[in-house]
Structures are given as structure tokens and as C-alpha cells.
Amino acid sequence: MNNLLYKDFKLGISPFFYFLPVLTGALMLIPGWLYFIVLMYFCFITVPNMFATYKTQNDLMLSIMMPVTKKNIVKSRMLSVITLELLHIIIAVFYAIINKNLYNSATYIFLEPNIAFFGLVFIMFALFNIIFFPMFYKTAYKYGAPAIVSNAAIIIFASVVELLALFNTSIKMYLKGPDANSIYLQVSILGGGVIIFIISAIIAYKISVKRFGKVDI
Amino acid sequence: MLALKVEKLNKKYEKFHLEDISFKLEKGYIMGFIGSNGAGKTTTLKSILNMVHIDSGEISILGKNFIENEIILKQDIGYIFGGVDFYMKSKVKNVTNVIKRFYTNWNEDIYTYYLKRFKLDPDKKISELSEGMKVKYSLAIALSHNAKLFILDEPTSGLDPVARDNILDVFQELVEDGERSILFSTHITSDLEKCADYITYINNGKIVASKTKDDFIDSYRIVNGSLDKLDNIKRDLISYKINSFGFTGLIKTDRFSETDGVRVKAPSLEDIMIYYAKKEDDDE
Numbered sequence: 002m003n004n005l006l007y008k009d010f011k012l013g014i015s016p017f018f019y020f021l022p023v024l025t026g027a028l029m030l031i032p033g034w035l036y037f038i039v040l041m042y043f044c045f046i047t048v049p050n051m052f053a054t055y056k057t058q059n060d061l062m063l064s065i066m067m068p069v070t071k072k073n074i075v076k077s078r079m080l081s082v083i084t085l086e087l088l089h090i091i092i093a094v095f096y097a098i099i100n101k102n103l104y105n106s107a108t109y110i111f112l113e114p115n116i117a118f119f120g121l122v123f124i125m126f127a128l129f130n131i132i133f134f135p136m137f138y139k140t141a142y143k144y145g146a147p148a149i150v151s152n153a154a155i156i157i158f159a160s161v162v163e164l165l166a167l168f169n170t171s172i173k174m175y176l177k178g179p180d181a182n183s184i185y186l187q188v189s190i191l192g193g194g195v196i197i198f199i200i201s202a203i204i205a206y207k208i209s210v211k212r213f214g215k216v217d218i
Numbered sequence: 059m060l061a062l063k064v065e066k067l068n069k070k071y072e073k074f075h076l077e078d079i080s081f082k083l084e085k086g087y088i089m090g091f092i093g094s095n096g097a098g099k100t101t102t103l104k105s106i107l108n109m110v111h112i113d114s115g116e117i118s119i120l121g122k123n124f125i126e127n128e129i130i131l132k133q134d135i136g137y138i139f140g141g142v143d144f145y146m147k148s149k150v151k152n153v154t155n156v157i158k159r160f161y162t163n164w165n166e167d168i169y170t171y172y173l174k175r176f177k178l179d180p181d182k183k184i185s186e187l188s189e190g191m192k193v194k195y196s197l198a199i200a201l202s203h204n205a206k207l208f209i210l211d212e213p214t215s216g217l218d219p220v221a222r223d224n225i226l227d228v229f230q231e232l233v234e235d236g237e238r239s240i241l242f243s244t245h246i247t248s249d250l251e252k253c254a255d256y257i258t259y260i261n262n263g264k265i266v267a268s269k270t271k272d273d274f275i276d277s278y279r280i281v282n283g284s285l286d287k288l289d290n291i292k293r294d295l296i297s298y299k300i301n302s303f304g305f306t307g308l309i310k311t312d313r314f315s316e317t318d319g320v321r322v323k324a325p326s327l328e329d330i331m332i333y334y335a336k337k338e339d340d341d342e
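Chains as they are written, first to last, in my numbering: chain X, 2 to 218; chain L, 59 to 342.
Calculated from the structure, these hints are not laboratory results.
The reader is advised that the hints may include incorrect statements.
[Stated by the list, open to error] As a list, the in silico DSS-like pairs of lysine-lysine whose alpha-carbon atoms are at most 30 Å apart:
hint, chain 1, residue 1, chain 2, residue 2
1, L, K177, X, K143
2, L, K73, X, K56
3, L, K122, L, K177
4, X, K215, L, K63
5, X, K72, L, K271
6, L, K264, L, K70
7, L, K158, L, K147
8, L, K122, L, K182
9, L, K336, L, K323
10, X, K211, X, K56
11, L, K182, X, K11
12, L, K183, X, K143
13, L, K264, X, K215
14, L, K104, X, K143
15, L, K151, X, K76
16, X, K211, L, K70
17, L, K323, L, K310
18, L, K122, X, K72
19, X, K211, L, K287
20, X, K211, L, K323
21, L, K206, X, K72
22, L, K271, X, K56
23, X, K207, L, K122
24, L, K82, L, K323
25, X, K215, L, K70
26, L, K310, L, K271
27, L, K206, L, K151
28, L, K183, L, K149
29, L, K287, L, K337
30, L, K252, L, K177
31, L, K82, X, K215
32, X, K72, L, K158
33, L, K269, L, K82
[Stated by the list, open to error] Selected chain X positions facing chain L (Cβ under 7 Å, derived; list incomplete):
hint, residue
34, M2
35, N4
36, K8
37, D217
A virtual CB, placed ideally from N, CA and C, is assigned to each residue, including glycine.
Based on the sequences and whatever the hints tell you, model everything.
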């Protein structure tokens, strides 16, 4: 399994995509922007490109010939994507800290890049993973439709969250009101996000393994 | 000991059916797996390796059930599926560096030896290797992890005659010590005439015969004669062709009896394939 991960990181993923979060993360410095978009770039750009590379480089054939099982192949592929998701989040956090220090008197129309925001980012990635992987592993090579559907889902998710935070009084209270500054509340939202992210990854893995098992290579 | 045993393998597609595929490969021998394009060669090989889900049947490799021991057995198998066509823009050394981690028995000295022997430059990109070199690279990998069974899907197609001859010599050398076995599919029958010990012939998803090459060829005869002799022999022929001199057909040796005016000779593997394919066309 570690060998499959090594293969993905060494051969499959272009080094450009390790650098991309440094570039996209810098967008966190735009004052008062829609910060969900910063993290969405991973789903818009990196994921389709990664899977296009795997397809054109015939990665599946190489993987299946190695002494591994189909389960290992799904697990390592998911772990490589999740690792990159975490890399995007971590780098975005650094930029968010700079943002908070740079613009401490700024007014945020949309969600502030605080601890709670990153909890919501975890939920966004959870939604992406649970749609993308099970859809992809129906064929193990068609990535277009899964990428479109999962990206559409996260755009809807982010839009709904932002709109609710603007117009729904009770949600606004938690995400933008005076209570929203409570560290306890923010950490709870982050914790909840991480838990949802983990559960979604496990469910996505189980469905993907089941579907990939039926795929003839 | 058997290197490979396939028993009653079935796989049904909408328009194609692998039906009761059974054959055995003894350790230390080369088996040619022949059949025309679309006969089911690649599907059979992929089914053996669990790449394709079979509907029924059992595969054992080196005496063990493949499905139950997939990871362990894959350590002992060397593959070629249509040449090395993955990570074409990566250097040989980088691809090897990734692949070797998967194998517990990887031997770097053997790898270096075969790189030198096959004149493979580790700094070249995969895409810069000729087709023959790609096959040699796959063989070098399989030999370095001490594979016991080589499953090769059309390793010689697309190679020039010199490169083919060269690869066939390597195949023969591989099985010399009796430890390694090769199953390779091809539609180039002259390859098999050079180096196969056994022939398994598949036609339209069914095994026609699986036996030693000599027995296989010996079980058929090519007959030819004038058209007036055709009627007497027609129903025993697998298929036949008519030309201006009369007819030429393929017959099973045990169905043939000496008849005046009908000439007989041993067929080539190609003759057998052609007449069986013609039978399919005629039946349709």
C-alpha cells in the first residue's frame, strides 16, 4: 500500500500540484473574498488533472500488475488525494493567519477565514470525496462526470452556507454574530467538520472498493 | 508440478463468451496461446490474473488458488500486457525505482546484469525505447524479482524479425533450468514453431486443443485434390477452400483415410488457425 502511495507521489502527481496550494493559498490574502473558492481550486484543477494523468499514463494497468489487491489500489489513491487536500488546508491556514493579522479591522461580507471556516472546509471536502470516488470507481477511468458532479455539489454547498450566514438569523448567529468569536464554538465546528470528513472518507472508500471490485480491467 | 492450471473458466459478455476454458502448463515449459484477433486470448489471460471477473472456474498458479493467494502469487509472476505503455515520459530508472519496492525478492545485481545484457540505458525515457527494448525491459523486471511464471500477452507483435528472434532466444534460455514457465499469447505462429513446447489453441472463446506442439500439429492434416474428390471427404473436413486446381482442406488425422487422388501433408500452425477461422465464417 505504501508502495502504491510512493508510486502516486513519485510518478503520478506532477510536482506542480505540490506547489499549487502555495499559489492558490495566497488568494486568502484578498480582503473579504469568498474564501471557499481558495480551497475549491484543488477540486477544480488538481483532481481532474491528476486523474487525467493516471488515465493517459495507463496507471491502472501498472498498479494491477503489482502484487497488490484492488482494495489497496483504492485506498492508496484516496489517501494521496486526501493528503493533497490536507496540504491545501494547512497552507491556506497559514495564509489565513496572515490575513487576520494584516486586516484586523476589515469587515467580512462573506465568512471570515477563522477556525470555524476551516471546519466548514472539511465538510466541503467530505462532500467532494463522497461523490467523486464512488462515481469514479464505477469505471476506474472516467473522471469527467464525477469531477463535474462533485464540483457542482461543493459549489452549491459553499453558496448555501454563505447565503445562510448572510440571511438566516440563527445560522448567522453561529457563524458571524458576536457569539461566533467564541473559540469554543469555532473549535466545535472544526471538530465536527473533521469527524464528518473522516466518516465520509470511510464510506466513500467502502462504496468505491465494492464498485471497483466489479470493474473488468 | 504445474505452473498454471485453468479449470472450466467461464465469462459471459453480451456478444462474446469464454466457455469452459481449461488447460495446464507444466513447470519449465513454454506454452504458446494462439488464436485469431478477438478469439479471447487477452480476456483469458486477464481472467487468469483476476483483472477480469470470471463467472465461474478455478485458477491455480504454482499449486495455489490464485484468488485466495493473489498478493503472494503476484510476487512470482512476470507480466507483459501489450508492452510497457505506462509512464512513457519517465526514465527507466525512475520507473524501476518505483516498481522494485513492491517485490520482496528484488535482486539489484540481477537487474543490473540484465540491463547490461539487454543494452538498456536506465537514463532513457520509456518512450525512447524501441518495442523490442520495452519487452526486454519487462523481462528484466520480471527476472529481477525472480518470477516463476511469465504471462505475456503478445510480447512479439510489433517487433521486427531480428528483435523477435532475439526475444524468442531469451524465452528459451529462461526455461532452461526448469524453474520458470512461460505462457505467451500470439497470433504470429512462426514464433511458436521456433520455441513453444505446448500449444493451446483458442477459437471464438473455446479451447480447440491444448497439447504438445508436435501432437497438436500431428493431429491435423492438410489434404488437397481435385473437385470430384471433394464430395467424398467434405463432411470430414474442418473447412476447405476451392481454387482452380481443386480443393485444399484441413482434416483431423483420425478422420482421414487414404483415398486415391487426395494428397496429404502436415499442416503448419497457421494452416490450422486459418481453416478453423474459415469454419467459423462458414458456420455463420
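These are the hints, each one checked on the structure:
1. K177(L) - K143(X): Judged against 30 Å, a Cα distance of about 38 Å means the pair is violated.
2. K73(L) - K56(X): 26 Å, holds
3. K122(L) - K177(L): 36 Å, violated
4. K215(X) - K63(L): The hint holds at about 24 Å.
5. K72(X) - K271(L): Given that 30 Å is the threshold and the Cα spacing comes to 40 Å, the pair is violated.
6. K264(L) - K70(L): 12 Å, holds
7. K158(L) - K147(L): Given pair K158(L), K147(L) holds - Cα atoms ~19 Å apart, limit 30 Å.
8. K122(L) - K182(L): Distance of about 38 Å is beyond 30 Å: violated.
9. K336(L) - K323(L): Holds: K336(L) and K323(L) sit about 19 Å apart, inside 30 Å.
10. K211(X) - K56(X): Between K211(X) and K56(X) the Cα gap is close to 21 Å, so the pair holds against 30 Å.
11. K182(L) - K11(X): 17 Å, holds
12. K183(L) - K143(X): 27 Å, holds
13. K264(L) - K215(X): 24 Å, holds
14. K104(L) - K143(X): 21 Å, holds
15. K151(L) - K76(X): Holds - the C-alpha atoms of K76(X) and K151(L) are around 26 Å apart, at most 30 Å.
16. K211(X) - K70(L): 20 Å, holds
17. K323(L) - K310(L): 12 Å, holds
18. K122(L) - K72(X): 21 Å, holds
19. K211(X) - K287(L): 61 Å, violated
20. K211(X) - K323(L): 55 Å, violated
21. K206(L) - K72(X): 25 Å, holds
22. K271(L) - K56(X): Distance of about 40 Å is beyond 30 Å: violated.
23. K207(X) - K122(L): At roughly 28 Å apart (the allowed maximum being 30 Å), K122(L) and K207(X) satisfy the hint.
24. K82(L) - K323(L): Measuring from Cα to Cα gives roughly 29 Å; hence the hint holds.
25. K215(X) - K70(L): 14 Å, holds
26. K310(L) - K271(L): 15 Å, holds
27. K206(L) - K151(L): Answer holds: K206(L) to K151(L) is near 24 Å, not above 30 Å.
28. K183(L) - K149(L): 4 Å, holds
29. K287(L) - K337(L): 20 Å, holds
30. K252(L) - K177(L): 24 Å, holds
31. K82(L) - K215(X): 27 Å, holds
32. K72(X) - K158(L): 20 Å, holds
33. K269(L) - K82(L): Holds. K269(L) to K82(L) sits at ~9 Å (cutoff 30 Å).
34. M2: 10 Å, violated
35. N4: Holds. Min distance 4 Å.
36. K8: Nearest chain L Cβ about 5 Å off; hint holds.
37. D217: 4 Å, holds
Of the hints listed earlier, those the structure fails to meet are numbers 1, 3, 5, 8, 19, 20, 22 and 34, in rising order.
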